[in-house]
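**Q** Next come the chains, spelled out residue by residue.
There are 2 protein chains.
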Amino acid sequence: MEIVFLGTGSMVPTKERNHQSIFVSHNGEGLLFDCGEGTQRQLKIANIRLGKLSKIFITHWHGDHVLGLPGLLQTLGSSDYERRLEIYGPEGTKKRVEHLLKGFSFNIDFEHEIFEISETVLNFKDFSVVVKSLEHGVPCLGYAIIEHDKRKIKTNVIKRLGIPDGPLLGKLQENKEIKWNNIVVLPKDATFVVKGKKIAIVLDTMLCNGVYALAKDADVLISEASYTSELEEKAEEYNHLTAKQAALAASQSNVEKLVLTHLSQRYKTPEKVLEEASTIFKKTIIAHDFMKIKV
Amino acid sequence: MEIVFLGTGSMVPTKERNHQSIFVSHNGEGLLFDCGEGTQRQLKIANIRLGKLSKIFITHWHGDHVLGLPGLLQTLGSSDYERRLEIYGPEGTKKRVEHLLKGFSFNIDFEHEIFEISETVLNFKDFSVVVKSLEHGVPCLGYAIIEHDKRKIKTNVIKRLGIPDGPLLGKLQENKEIKWNNIVVLPKDATFVVKGKKIAIVLDTMLCNGVYALAKDADVLISEASYTSELEEKAEEYNHLTAKQAALAASQSNVEKLVLTHLSQRYKTPEKVLEEASTIFKKTIIAHDFMKIKV
Chain S
75 MEIVFLGTGS MVPTKERNHQ SIFVSHNGEG LLFDCGEGTQ RQLKIANIRL GKLSKIFITH
135 WHGDHVLGLP GLLQTLGSSD YERRLEIYGP EGTKKRVEHL LKGFSFNIDF EHEIFEISET
195 VLNFKDFSVV VKSLEHGVPC LGYAIIEHDK RKIKTNVIKR LGIPDGPLLG KLQENKEIKW
255 NNIVVLPKDA TFVVKGKKIA IVLDTMLCNG VYALAKDADV LISEASYTSE LEEKAEEYNH
315 LTAKQAALAA SQSNVEKLVL THLSQRYKTP EKVLEEASTI FKKTIIAHDF MKIKV
Chain R
75 MEIVFLGTGS MVPTKERNHQ SIFVSHNGEG LLFDCGEGTQ RQLKIANIRL GKLSKIFITH
135 WHGDHVLGLP GLLQTLGSSD YERRLEIYGP EGTKKRVEHL LKGFSFNIDF EHEIFEISET
195 VLNFKDFSVV VKSLEHGVPC LGYAIIEHDK RKIKTNVIKR LGIPDGPLLG KLQENKEIKW
255 NNIVVLPKDA TFVVKGKKIA IVLDTMLCNG VYALAKDADV LISEASYTSE LEEKAEEYNH
315 LTAKQAALAA SQSNVEKLVL THLSQRYKTP EKVLEEASTI FKKTIIAHDF MKIKV
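If you read the protein sequences in the order shown, they are chains S and R.
Letter 51 of the first sequence, counting from 1, is numbered 125 in our numbering, and no numbers are missing.
Letter 42 of the second sequence, counting from 1, is numbered 116 in our numbering, and no numbers are missing.
Calculated directly from the structure, the hints in this document are not laboratory data.
Remember, it's a predicted structure, so these values are computed and weren't measured experimentally.
There may be inaccurate statements among the hints.
Any copy, or any two copies together, can satisfy a pair, since identical chains are not distinguished.
BS3-like mimics (lysine-lysine), calculated; alpha carbons at most 27 Å apart, straight line [what the hints assert, rightly or not]:
#1 Lys89 x Lys342
#2 Lys118 x Lys346
#3 Lys89 x Lys368
#4 Lys342 x Lys118
#5 Lys308 x Lys118
#6 Lys271 x Lys199
Modelling step: build the complete structure from the supplied sequences, incorporating the hints.
**A** Below, the structure is given as structure tokens:
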């Protein structure tokens, strides 16, 4: 999987940070998490073809997370986009999209479907997306992409037994036993399991159970950190996380790497945010627009 | 007056060109013509304080001209903006804004008013805005800002007569006669008129009467030029101007300077567009994002 940060600011954009959007690619799938104003141009600058996009996940309907959606849909509709776009979001998503599309003159005539979801697990071909409720004063969801575990062939065993490439190996990878030269070969002897990677995306929330559920065992936890602790009251008033709180969640959840995003415009440079978080959780980095992470 | 081009592309933004928006400042007034997606960030990059903004003029409701509006209103509403914002646009503008604001979760609680207008002249303190209908398949308006003429004092006459600074000079500037040392001084003898400058803004239209009416005697004609002439059929199909047509309009309208904008994404560099126009109208330039022109 590859993560590309398209926007890492919060409500007010800065010269350096656009509104929220994160692109995650996995084989043929392109997942967009939130679509703040200007996201279609950020995709262009990041050299991500629109044809790659297959699913959009909305965390909540505050403007800085969604106002790039109508423009993106207009551009998809006027391009040679040939996929069926799926849009997932919390309750109210259908009505919001309907209003946005009535807000300007254009017919969206490509195939797309909108799903209003709550806590659930969405199963796709190569991965699932765990959906948890977050606490942000409006319906708000957090997401975790978890790759399916993969069963791989123990090549030394296969070589020793002389099993040829082909359907027999496929069966073993499907966790089925096979017969070869009158010997029964069990998957547990001829294969091993590679655990799928997990990326958790926690945008705009107070510290709550959903944060911990999503963060648990994540290879990468992407979390908002709108404020530092000296503005803890402000964070509470506006239902946001401080850098310290995000780091605490990471340190208590067996997280491999913490990436902080959604920084308030007041942090001209992110040193203070990084310092606060990394004191508690060392493997913290601060996202910047167009940063890429391979997972 | 100063013009700042905030976005000079068309429907699909490029790395170099954002969606349409033009900022014109005149004394204390800040006029925004169209507000494509990303305009609030372009304002930030151009170092234009949001507090300067007093009026927004919408040409038409295609997405690339308006989808920055909801985000801009959200940011104005959450900042210390203290003006009364006026939004002008063609029929349907109120309903469109209403839909856009219902498309996300936020209360716009600063003073603003929306005016649906058609062909008219809007009179403001230091300038008027002439509004003409254009032909673009949807209700579409073009605008011309015309400074009020200014009556200035002939200092040599005033010196000779010995009239002191103060209310007497003010009266003369208001085109009223005064008495000084028992002599009647007429405004025509003691003052002269400086003609106000004119900026015409013609975005998204076919060649039509409105274009010529706006362009007439303009110091600066800002015109869309979505295509070059080899795509004239496309321009006609989508109700747009070619560079040649814009230049012809300029050359027939006593225009001082032609500035082309709204270039299709297909023109990676603007040389071809410039060449076509400047063959017909020499004083043509191509706008780029953040270009400034003093008028």
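**Q** None of the hints should be skipped; say for each whether it holds.
**A** Checked hints:
no.: 1; hint: Lys89 x Lys342; result: both (10 Å within a copy, 24 Å between copies)
no.: 2; hint: Lys118 x Lys346; result: between (31 Å within a copy, 23 Å between copies)
no.: 3; hint: Lys89 x Lys368; result: both (26 Å within a copy, 24 Å between copies)
no.: 4; hint: Lys342 x Lys118; result: both (25 Å within a copy, 14 Å between copies)
no.: 5; hint: Lys308 x Lys118; result: between (35 Å within a copy, 24 Å between copies)
no.: 6; hint: Lys271 x Lys199; result: within (15 Å within a copy, 63 Å between copies)
The structure shown violates none of the earlier numbered hints.
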